[in-house]
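Each chain, written out:
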Amino acid sequence: AQTVTQSQPEMSVQEAETVTLSCTYDTSESDYYLFWYKQPPSRQMILVIRQEAYKQQNATENRFSVNFQKAAKSFSLKISDSQLGDAAMYFCAYRSKTGNQFYFGTGTSLTVIP
Amino acid sequence: EPEVTQTPSHQVTQMGQEVILRCVPISNHLYFYWYRQILGQKVEFLVSFYNNEISEKSEIFDDQFSVERPDGSNFTLKIRSTKLEDSAMYFCASNIGPGANHEQFFGPGTRLTVL
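Protein chains in written order, with the numbering used here: chain A, 1 to 114; chain B, 1 to 115.
Treat the hints with care, since some could be wrong.
Stated by the list, open to error - Reference listing, derived: stretches of chain B covered by chain A, where coverage requires no fewer than 3 residues with Cβ under 8 Å from a Cβ of chain A: (1) 29-36; (2) 39-45; (3) 51-64; (4) 106-112.
As the list claims (entries may be wrong) - Pulled a few chain B residues facing chain A out of the computed Cβ check, cut under 8 Å: (5) 3; (6) 4; (7) 48; (8) 103.
Calculated directly from the structure, the hints in this document are not laboratory data. Bear in mind that the values here come from a model prediction, so they are computed numbers and not experimental data. Backbone N, C-alpha and C define an ideal beta-carbon position, used for all residues, glycine too.
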């Protein structure tokens, strides 16, 4: 079964600085999808960014970008120019190409310091 | 912007009681999911539902669990006889289709506390 590991339960960053959240995963599949979801306090999870494993180019969405290292099975999220609204729990998730279920990590709680 | 909603936000129940957690997926979505997160642990997949039947379920989703779409808008998760270890946050999700381009939209969750 696929596993997703987020080794940083908590991270903090100064406003306007850059922070990187780590995620590693384990799979025997060659094609799959990876996601970062953000969950603000008492709100639903929303998709931040997605990456398709067969694409070598790292996905970017405005201030959010990923460093996808397929051989190392690593999928880190970089948040540039951090804003107070970025404070949330961030979940890394894996989805097989053939199935519908997501496999999540345990999450990283990000604090943004003004 | 359409959202997945869940009620109640917090449910407290006694061990052995039945609970029904309710979700209203986004209206044009066809696939529905339940996940749970025990405090401090991973978000875990429970079940997916399409065309009025279960399409996938995990080992967690045993005979104590059932899902239903009773009226075309609600999507419910029933736990027949709750156990202490069922205490968790339960998330509902929905999407238009199973492709990864069709992201899953999550509800805010229901915190279930079993005493």
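Legend entry - Hints that the structure is at odds with (numbers, increasing): none
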